[in-house]
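2 protein chains.
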Amino acid sequence: MMSNILVIIGGDAAGMTAASKVRREQPDRKIIVFEKSAHTSYSACGIPYFISQIVETYQELIVRTPEEFRTQYNIDVRTMHKALEVDTAKKRVRVLDKTAQLELWQDYDQLMIATGGKAFCPDVSEYPQVGVFGISTLKSGIKLEAYLEEYRPRTAVIIGGGYIGLEMAEALLIRGLSVSLINRSGQVMNTLDTDMGELVSEAMRKLGVTLYLNEEFVNFESENNKLKAVVTNKRTITTDIVVLGMGITPNTGFLKGSGISLAKKGAIMVDDRMQTNIADVYAAGDCIEVLNMVSGQHMHIALGTVANKTGLVAGTNLAGGNASFPGVVGTAVCKVCTYEVARTGLQEKDLDKLKIDYVSTKIESKTRAGYYPGSKGITVKLIAEKGTGRLLGGQIIGEEDAAKRVDVLAAALTHNLTLQNIIDLDLSYAPPFSLVWDPVQAAARKLIDQV
Amino acid sequence: MMSNILVIIGGDAAGMTAASKVRREQPDRKIIVFEKSAHTSYSACGIPYFISQIVETYQELIVRTPEEFRTQYNIDVRTMHKALEVDTAKKRVRVLDKTAQLELWQDYDQLMIATGGKAFCPDVSEYPQVGVFGISTLKSGIKLEAYLEEYRPRTAVIIGGGYIGLEMAEALLIRGLSVSLINRSGQVMNTLDTDMGELVSEAMRKLGVTLYLNEEFVNFESENNKLKAVVTNKRTITTDIVVLGMGITPNTGFLKGSGISLAKKGAIMVDDRMQTNIADVYAAGDCIEVLNMVSGQHMHIALGTVANKTGLVAGTNLAGGNASFPGVVGTAVCKVCTYEVARTGLQEKDLDKLKIDYVSTKIESKTRAGYYPGSKGITVKLIAEKGTGRLLGGQIIGEEDAAKRVDVLAAALTHNLTLQNIIDLDLSYAPPFSLVWDPVQAAARKLIDQV
Numbered sequence: 000m001m002s003n004i005l006v007i008i009g010g011d012a013a014g015m016t017a018a019s020k021v022r023r024e025q026p027d028r029k030i031i032v033f034e035k036s037a038h039t040s041y042s043a044c045g046i047p048y049f050i051s052q053i054v055e056t057y058q059e060l061i062v063r064t065p066e067e068f069r070t071q072y073n074i075d076v077r078t079m080h081k082a083l084e085v086d087t088a089k090k091r092v093r094v095l096d097k098t099a100q101l102e103l104w105q106d107y108d109q110l111m112i113a114t115g116g117k118a119f120c121p122d123v124s125e126y127p128q129v130g131v132f133g134i135s136t137l138k139s140g141i142k143l144e145a146y147l148e149e150y151r152p153r154t155a156v157i158i159g160g161g162y163i164g165l166e167m168a169e170a171l172l173i174r175g176l177s178v179s180l181i182n183r184s185g186q187v188m189n190t191l192d193t194d195m196g197e198l199v200s201e202a203m204r205k206l207g208v209t210l211y212l213n214e215e216f217v218n219f220e221s222e223n224n225k226l227k228a229v230v231t232n233k234r235t236i237t238t239d240i241v242v243l244g245m246g247i248t249p250n251t252g253f254l255k256g257s258g259i260s261l262a263k264k265g266a267i268m269v270d271d272r273m274q275t276n277i278a279d280v281y282a283a284g285d286c287i288e289v290l291n292m293v294s295g296q297h298m299h300i301a302l303g304t305v306a307n308k309t310g311l312v313a314g315t316n317l318a319g320g321n322a323s324f325p326g327v328v329g330t331a332v333c334k335v336c337t338y339e340v341a342r343t344g345l346q347e348k349d350l351d352k353l354k355i356d357y358v359s360t361k362i363e364s365k366t367r368a369g370y371y372p373g374s375k376g377i378t379v380k381l382i383a384e385k386g387t388g389r390l391l392g393g394q395i396i397g398e399e400d401a402a403k404r405v406d407v408l409a410a411a412l413t414h415n416l417t418l419q420n421i422i423d424l425d426l427s428y429a430p431p432f433s434l435v436w437d438p439v440q441a442a443a444r445k446l447i448d449q450v
Numbered sequence: 000m001m002s003n004i005l006v007i008i009g010g011d012a013a014g015m016t017a018a019s020k021v022r023r024e025q026p027d028r029k030i031i032v033f034e035k036s037a038h039t040s041y042s043a044c045g046i047p048y049f050i051s052q053i054v055e056t057y058q059e060l061i062v063r064t065p066e067e068f069r070t071q072y073n074i075d076v077r078t079m080h081k082a083l084e085v086d087t088a089k090k091r092v093r094v095l096d097k098t099a100q101l102e103l104w105q106d107y108d109q110l111m112i113a114t115g116g117k118a119f120c121p122d123v124s125e126y127p128q129v130g131v132f133g134i135s136t137l138k139s140g141i142k143l144e145a146y147l148e149e150y151r152p153r154t155a156v157i158i159g160g161g162y163i164g165l166e167m168a169e170a171l172l173i174r175g176l177s178v179s180l181i182n183r184s185g186q187v188m189n190t191l192d193t194d195m196g197e198l199v200s201e202a203m204r205k206l207g208v209t210l211y212l213n214e215e216f217v218n219f220e221s222e223n224n225k226l227k228a229v230v231t232n233k234r235t236i237t238t239d240i241v242v243l244g245m246g247i248t249p250n251t252g253f254l255k256g257s258g259i260s261l262a263k264k265g266a267i268m269v270d271d272r273m274q275t276n277i278a279d280v281y282a283a284g285d286c287i288e289v290l291n292m293v294s295g296q297h298m299h300i301a302l303g304t305v306a307n308k309t310g311l312v313a314g315t316n317l318a319g320g321n322a323s324f325p326g327v328v329g330t331a332v333c334k335v336c337t338y339e340v341a342r343t344g345l346q347e348k349d350l351d352k353l354k355i356d357y358v359s360t361k362i363e364s365k366t367r368a369g370y371y372p373g374s375k376g377i378t379v380k381l382i383a384e385k386g387t388g389r390l391l392g393g394q395i396i397g398e399e400d401a402a403k404r405v406d407v408l409a410a411a412l413t414h415n416l417t418l419q420n421i422i423d424l425d426l427s428y429a430p431p432f433s434l435v436w437d438p439v440q441a442a443a444r445k446l447i448d449q450v
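These protein sequence lines map, in sequence, to chains A and B. Residue numbering for the first sequence follows numbering that gives the first Met the number 0, beginning at 0 and increasing consecutively. Residue numbering for the second sequence follows numbering that gives the first Met the number 0, beginning at 0 and increasing consecutively.
So that you can see chain A by itself, here it is in the shape it has in the complex:
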């Protein structure tokens, strides 16, 4: 018999995609969404552009408001409601109504967990109340933007050199702050190989960011609970604000004792239908682990694309359909001022760990015919399996019209294409768009001789 009440915890990309899908398939189903903030369905990826004021109001980042979901979709969205506990035996959720400061139990027939993630907060002795910002929710973005507007800080230190760190560096540069960035490894963008990461480090320096690489964050210094400086293992950096870019932690603390299986770092383990190990409990988005199809291993990856796709799969199955999510290949893209960085697949250090024998090469090419105005440099690195020539990974750095070329490599990885297959692809060419041999094909042509 069809379950009756669907409870969804978390009202952003994954949760609301699922809710909308269920509503389309089951017009009369009772759907309750608990969302701890005041907002639903917003573009978390857009927050850096709101911080930089490229996007003028945070409302522009909102796809659909709680009110719209209630009135147009008949979805019972309860904002300012935070889930505290899941009782899978009795099929109920304990929730805090933050406005009324009341706790309640809500029964469910099916449950979906889409609580996303939060910026990883280091566990240090001196954690000031004012001046340290983590960017994960719209609320956290609004808070930082308001602070910039009101207190006009002049200096910022970003801890962490991943894509959030880089995008926030851009945002704060645009806002006129002097920006430093601390990263534990010798480069920014650890998801790139060293040689490619160094190119990004150089680009960041050119943009005016002071990089402290091979340097570990140790503690904050503060006065009256207000941030004064960041202490690393090498120095103390005086700064007005800090932005945390040390990764995203799944919001799954409230699942302790629920019996729902979590992976090592707290991400929920699901099968390809987004089902957890507990009957009638599904999960999707930034709080789950997904399969990396290239490595065959599961990984936690906080990305809007994955949240939407897994949300759609969960929603389809919750509505009695049959959808599955094959997994990711590790595609990510990031823009920092004039630079574009993209990656997909495995990187050399992954392959070393997996003991897969590989070859790799890097080429410099152009985004358009050399004679065509606006042709910019592009660096493409490809990694392929030794012997078979199967593509294992690709990384791209350029200034314009560069990054999106990674999509062909993502398709190639998903369907096990070899370098020869890539060379043979009938990719589009005209002088304003590419070279006769697209840069990704030029890289494949160079690498194939090493296979």
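In case anyone wonders, no lab produced these hints; they're calculated from the structure. Treat the hints with caution; some may be incorrect.
Same chains, same names: a pair is fine if it fits in one copy or spans any two.
With a cut-off of at most 25 angstroms between alpha-carbon atoms, the simulated DMTMM-like pairs for lysine to aspartate or glutamate come out as follows [said to hold, decoys possible]:
1. Lys-29 to Asp-108
2. Lys-365 to Glu-398
3. Lys-375 to Glu-399
4. Lys-117 to Glu-59
5. Lys-375 to Asp-239
6. Lys-375 to Glu-398
7. Lys-348 to Glu-197
8. Lys-205 to Glu-59
9. Lys-361 to Asp-448
10. Lys-375 to Glu-363
11. Lys-81 to Glu-220
12. Lys-375 to Glu-55
13. Lys-97 to Glu-24
14. Lys-264 to Glu-215
15. Lys-385 to Asp-194
16. Lys-365 to Glu-55
17. Lys-445 to Glu-67
18. Lys-138 to Glu-125
Position chain B against the provided structure of chain A, taking the given hints into account.
Here is chain B on its own, set in the frame of chain A:
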């Protein structure tokens, strides 16, 4: 035993790619290239941008000069030599040395034909010597540019609405001419479906091009051998110049009686190793037919990408290697001022002819997140096989960052991906580059319900 003398007829993309490949593999091989013009290895695709003066000198279009091939590659390039006849029985070629006005016979052990194509010239009673221009070789481009510079024509009529016609329309608009375009069918870009072609027609009109659609070219009018007007089946259009964009005809007239098999429209028939039906005779580039992997039929297609790829395959095999060219999927891309047009695969009229049951849909989307500056409209049309959902074709029109997205569809077509496979692809997303569901995935999501 390894053949000794390699003769190549034609010194542009396919011919010189093959020559260079053979030289790399066989440093001592005797390689003779007969080229009827004064130029080798230039970007024919770049000619419109030389006409528009976006590219200042024609030399910028030249990748390598005959002199460079002679001195750096030890390739015996003989420019101003036109092949007149191939005697496959005696393995020799009759050639006209245009400078000396002498004919000679050249023996070969292996022969490669890479004579490309020329603009189709209508066979009409009144063909003026001055004022009608076909664009295929660098020489023809130089001639038109010189004419524009010297005589400052004010009006141009382009006959034909394919990509050469559109690119030449752009070039002449930039040069300040008043441009009209005649096309036999009801739209420009017949390689697009009617609904998409109409969007391009609209765009052309917005740019200021007068379109005469559903109209047939009949004849020229001239005075003292100088063009005065173009006559169609509906009107007479007074004009200073005409540019022919009625297609490219393979330069294979000289093969009559050689025994080399030609297809209906004169393109050379080759196997996937670029071998003709005659032993030791290969061909590549704009003068051959290639396999369309989606339709399973052979077609003549004049594109730089195909010329380079087939030239490389021919060169590899001529040097004793073993390469094959799997075919094309019909990818093409074209820019006209601010508009980008791309297509791949089959179009609806192809499928009707092939009696393949299909579904299709068209969506409007954005190239970047809606809130991100510079986000432009993009229209994506997808066609898929009814029942299986296998992709059969894709067409894209947009204003910026639109066209190159066709590459993912080209990869999908080559490897028989379904709409679900496309939806599942791990394509890159960040607000400056795309939407969470890339427009091609959004189109696949819409179409999958019709399958």
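The hints, checked one at a time:
no.: 1; hint: Lys-29 to Asp-108; in the structure: within (10 angstroms within a copy, 80 angstroms between copies)
no.: 2; hint: Lys-365 to Glu-398; in the structure: both (10 angstroms within a copy, 21 angstroms between copies)
no.: 3; hint: Lys-375 to Glu-399; in the structure: both (7 angstroms within a copy, 16 angstroms between copies)
no.: 4; hint: Lys-117 to Glu-59; in the structure: within (22 angstroms within a copy, 53 angstroms between copies)
no.: 5; hint: Lys-375 to Asp-239; in the structure: neither (37 angstroms within a copy, 38 angstroms between copies)
no.: 6; hint: Lys-375 to Glu-398; in the structure: both (6 angstroms within a copy, 19 angstroms between copies)
no.: 7; hint: Lys-348 to Glu-197; in the structure: within (15 angstroms within a copy, 51 angstroms between copies)
no.: 8; hint: Lys-205 to Glu-59; in the structure: neither (31 angstroms within a copy, 31 angstroms between copies)
no.: 9; hint: Lys-361 to Asp-448; in the structure: within (13 angstroms within a copy, 42 angstroms between copies)
no.: 10; hint: Lys-375 to Glu-363; in the structure: within (10 angstroms within a copy, 29 angstroms between copies)
no.: 11; hint: Lys-81 to Glu-220; in the structure: neither (32 angstroms within a copy, 81 angstroms between copies)
no.: 12; hint: Lys-375 to Glu-55; in the structure: between (30 angstroms within a copy, 18 angstroms between copies)
no.: 13; hint: Lys-97 to Glu-24; in the structure: neither (32 angstroms within a copy, 74 angstroms between copies)
no.: 14; hint: Lys-264 to Glu-215; in the structure: within (21 angstroms within a copy, 69 angstroms between copies)
no.: 15; hint: Lys-385 to Asp-194; in the structure: within (20 angstroms within a copy, 47 angstroms between copies)
no.: 16; hint: Lys-365 to Glu-55; in the structure: between (34 angstroms within a copy, 19 angstroms between copies)
no.: 17; hint: Lys-445 to Glu-67; in the structure: between (53 angstroms within a copy, 23 angstroms between copies)
no.: 18; hint: Lys-138 to Glu-125; in the structure: within (24 angstroms within a copy, 75 angstroms between copies)
In summary, the structure is inconsistent with hints 5, 8, 11, 13 from the numbered list given earlier, while agreeing with the others.
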